[in-house]
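> Whenever a hint applies, use it, and build me the whole structure from the sequences.
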Amino acid sequence: METLTGTKRENIKPGISVAIVLKKDQRSGTLTYGIVKDILTKAPVHTHGIKVRLESGEIGRVKIIQ
Numbered sequence: 000m001e002t003l004t005g006t007k008r009e010n011i012k013p014g015i016s017v018a019i020v021l022k023k024d025q026r027s028g029t030l031t032y033g034i035v036k037d038i039l040t041k042a043p044v045h046t047h048g049i050k051v052r053l054e055s056g057e058i059g060r061v062k063i064i065q
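Counting from 0, one number per residue, gives the positions in the sequence shown under numbering that gives the first Met the number 0.
In short, the hints are calculated from the structure, not lab data. Since we're looking at a predicted model, the values are computed, not measured. Worth double-checking, as some hints may not be accurate.
[Unchecked claim] Subject to a maximum C-alpha distance of 27 Å in a straight line, what follows is the list of computed DSS-like cross-link-like pairs (lysine-lysine):
(1) Lys22 <-> Lys7
(2) Lys62 <-> Lys23
(3) Lys22 <-> Lys12
(4) Lys7 <-> Lys23
(5) Lys22 <-> Lys62
(6) Lys12 <-> Lys36
(7) Lys23 <-> Lys36
(8) Lys41 <-> Lys23
(9) Lys36 <-> Lys62
(10) Lys62 <-> Lys12
(11) Lys12 <-> Lys23
(12) Lys41 <-> Lys62
(13) Lys36 <-> Lys7
(14) Lys41 <-> Lys12
(15) Lys7 <-> Lys41
(16) Lys22 <-> Lys41
(17) Lys62 <-> Lys7
(18) Lys22 <-> Lys36
Written as structure tokens, this is what we have:
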């Protein structure tokens, strides 16, 4: 099974488990794990990752879909 990256909106649905990079962690690349609550990016594709809000309220770009 291929590991899906978070660059395509069609691969991301509310309720799935993902790893995101928060704005403050962009330099270090530190990943934050959680469940998608809302998809914030409107475009079908984004090169840096689709922006989402996790159930915890944190907002960042999806790097890994688990």
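> Determine for every hint whether it applies to the structure shown.
A quick look at each hint next to the structure:
no., hint, result
1, Lys22 <-> Lys7, "holds (19 Å)"
2, Lys62 <-> Lys23, "holds (15 Å)"
3, Lys22 <-> Lys12, "holds (21 Å)"
4, Lys7 <-> Lys23, "holds (23 Å)"
5, Lys22 <-> Lys62, "holds (13 Å)"
6, Lys12 <-> Lys36, "holds (8 Å)"
7, Lys23 <-> Lys36, "holds (20 Å)"
8, Lys41 <-> Lys23, "holds (22 Å)"
9, Lys36 <-> Lys62, "holds (16 Å)"
10, Lys62 <-> Lys12, "holds (14 Å)"
11, Lys12 <-> Lys23, "holds (24 Å)"
12, Lys41 <-> Lys62, "holds (17 Å)"
13, Lys36 <-> Lys7, "holds (17 Å)"
14, Lys41 <-> Lys12, "holds (13 Å)"
15, Lys7 <-> Lys41, "holds (11 Å)"
16, Lys22 <-> Lys41, "holds (18 Å)"
17, Lys62 <-> Lys7, "holds (11 Å)"
18, Lys22 <-> Lys36, "holds (18 Å)"
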